[in-house]
Amino acid sequence: MNNLKIFLNGLIKENPTFVMLLGMCPTLGTTTSAINGMGMGLATAFVLICSNVVIAALKNLIPDKVHIPVYIVIIATFVTIIQMCIEAYMPALYESLGLFIPLIVVNCIVLGRAEAFAAKNNVWSSFLDGAGSGLGFTFGLTLLGLVRELLGTGKAFSLTLFPENYGILIFVLAPGAFLALGYLIAIFNKLNTKQ
Amino acid sequence: MKRLESNLLNMVLVLTISALFAAGALAGVYMLTEEPIRLAKENKKQEALKVVLPEFTCLSEPEIVNDLVVVKAYNNDEFVGAAVESSAVGFSGEIKLIVGFDAEGKIVNYSVLEQYETPGLGTKIVDWFKTDKNRQNICGLNPSQVNFTVDKDGGDIDAITASTISSRAFLAAVQAAYQAYANNPDYVDSYSGASAQADVLPCDTDSLQTTVLPDSIDKKF
Chain A
0 MNNLKIFLNG
10 LIKENPTFVM
20 LLGMCPTLGT
30 TTSAINGMGM
40 GLATAFVLIC
50 SNVVIAALKN
60 LIPDKVHIPV
70 YIVIIATFVT
80 IIQMCIEAYM
90 PALYESLGLF
100 IPLIVVNCIV
110 LGRAEAFAAK
120 NNVWSSFLDG
130 AGSGLGFTFG
140 LTLLGLVREL
150 LGTGKAFSLT
160 LFPENYGILI
170 FVLAPGAFLA
180 LGYLIAIFNK
190 LNTKQ
Chain B
0 MKRLESNLLN
10 MVLVLTISAL
20 FAAGALAGVY
30 MLTEEPIRLA
40 KENKKQEALK
50 VVLPEFTCLS
60 EPEIVNDLVV
70 VKAYNNDEFV
80 GAAVESSAVG
90 FSGEIKLIVG
100 FDAEGKIVNY
110 SVLEQYETPG
120 LGTKIVDWFK
130 TDKNRQNICG
140 LNPSQVNFTV
150 DKDGGDIDAI
160 TASTISSRAF
170 LAAVQAAYQA
180 YANNPDYVDS
190 YSGASAQADV
200 LPCDTDSLQT
210 TVLPDSIDKK
220 F
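Protein chains in written order, with numbering that gives the first Met the number 0: chain A, 0 to 194; chain B, 0 to 220.
Okay, chain B solo, but in the shape it has when bound:
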């Protein structure tokens, strides 16, 4: 069979038909994979919620506090804690994570959803801050009751060796999550009375709300 001649009609026809076929094939595959893709994303978030929250029976609708998404967890109508999605700019790109707090404001656990840190260094944030070693574990701490910054900045948390910027960003994101959690009106209600409220809210709220690290810190490196 001889190759089709390159005249206008042939070229237009062939291009149109091949584009139509491509569109059809893609539409088919899209319909097949739409559901699994949605489920995979949903699953990941659900898994993360299960990991970071104390045991719960139902979750509240997500709400926005301080621009962060907060999901509250209840165990038979009793408020047991909340999970907050937070983010901060790390060494390269955004670090997105989800942190769970119990009813007293203590960190239950965290899960990093997205990060582009240096492999082998900054990527350690995924496990570092939940490993029980020296002072690097943040689980069980209440960010308002300890000096929630890295040891290099005079804080109580051990930074990842050779990844101070990632560690700072990580702690800033957790701190911001805590702010959102503490500012959440329901949390104050369900927390035993208004008197406790003052103790829980950290004194210097203004300086901690920003999730982006100040320039001065970055320039040191």
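If we strip away everything but chain A, and leave its shape as in the complex, we get:
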């Protein structure tokens, strides 16, 4: 596999949100606005890239029988680091994401990529794989957030496009998350199978 292919694999062909349907909890929970979805996606991407690189670098030093606990320690460390940084430098984002940041530890995409890719490949490919999946996740969350924000409140990235009164409020609420995600998955798969 060449480098571009590895990167695009996570971004499009095995997009975590639209194709693999992984990490649905933060996907549905944090995408009330485009900026929240993007923040959550980027935080996850950071953890994904860092843990993939570290695990690929240390894979031969980790005995098989304890590899899961060691991976979790590595992942949890990066999650806590990003959590403290967001709290310190982006308090507004920290407030709106709240509990979902520590929950990145148990996001199945992160451990999934570590197990399925980083444990078998070199550091550079693992970096690309993490970046691809991470940005794919960010893309999915941002798009879903954008659709929900636009339909629900008439705004896109907090810029008003049409008056809030004409918004379909349900899209900001939980049921709207499922509706919007369902349609986005359908559209994405339609486009994806054509290629």
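Source of the hints: derived by calculation from the structure; they are not laboratory data.
All clues stand as given, with none of them false.
Just so you have them, the derived chain A footprint on chain B, three or more residues with Cβ under 8 Å:
| hint | stretch |
| --- | --- |
| 1 | 4-17 |
| 2 | 35-49 |
| 3 | 115-121 |
Derived coverage of chain A by chain B (criterion: at least 3 residues anywhere in the stretch with Cβ under 8 Å from a Cβ of chain B; other residues may be distant):
| hint | stretch |
| --- | --- |
| 4 | 66-77 |
| 5 | 168-174 |
Even for Gly, the Cβ is constructed at its ideal location relative to N, Cα and C.
Position chain B against the provided structure of chain A, taking the given hints into account.
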């Protein structure tokens, strides 16, 4: 390089070392971010105080009145008002807010510090009650001089459309803040004389002190 064998020594060593490294990295980042986190929280509160209080030069130490935190503001030794942190249980979770009163007990402004209301509906409490429209603006009102409940309950304040529970909780929190402000002994002193005291204190103080909405109200919905 071959993968390390899974014997006891290796496993214990690897787990211990990785945990130590993780702890070290976290301690480092913690030390780096401790100060900014503290500053960010402090800033938020300071900003809120500036927004809700009339112009002031110094603040008193926070004190507890009716279980609520009251900070008094002075402009060159003259008492100009006080900010009260209050809370109430809203539609989902606690609404925490800070309300500022001037020396006459009128609401100057408020700022919602924490809320988990329904996005697009209850979250409007952040701006709704300071927007000058119909009867929804509470700024400039003295809670003891108007009927400080939502219009649906026969009050003088317009509730947020489709968010009556959040609106009730919000007004209850402001009302509780006012109680704390009015019960504050210094406020009575600095307010022009004891005779005014009776006018300022609302008559039915008992029913208003609770910040949690009674069950009966919730069950209607």
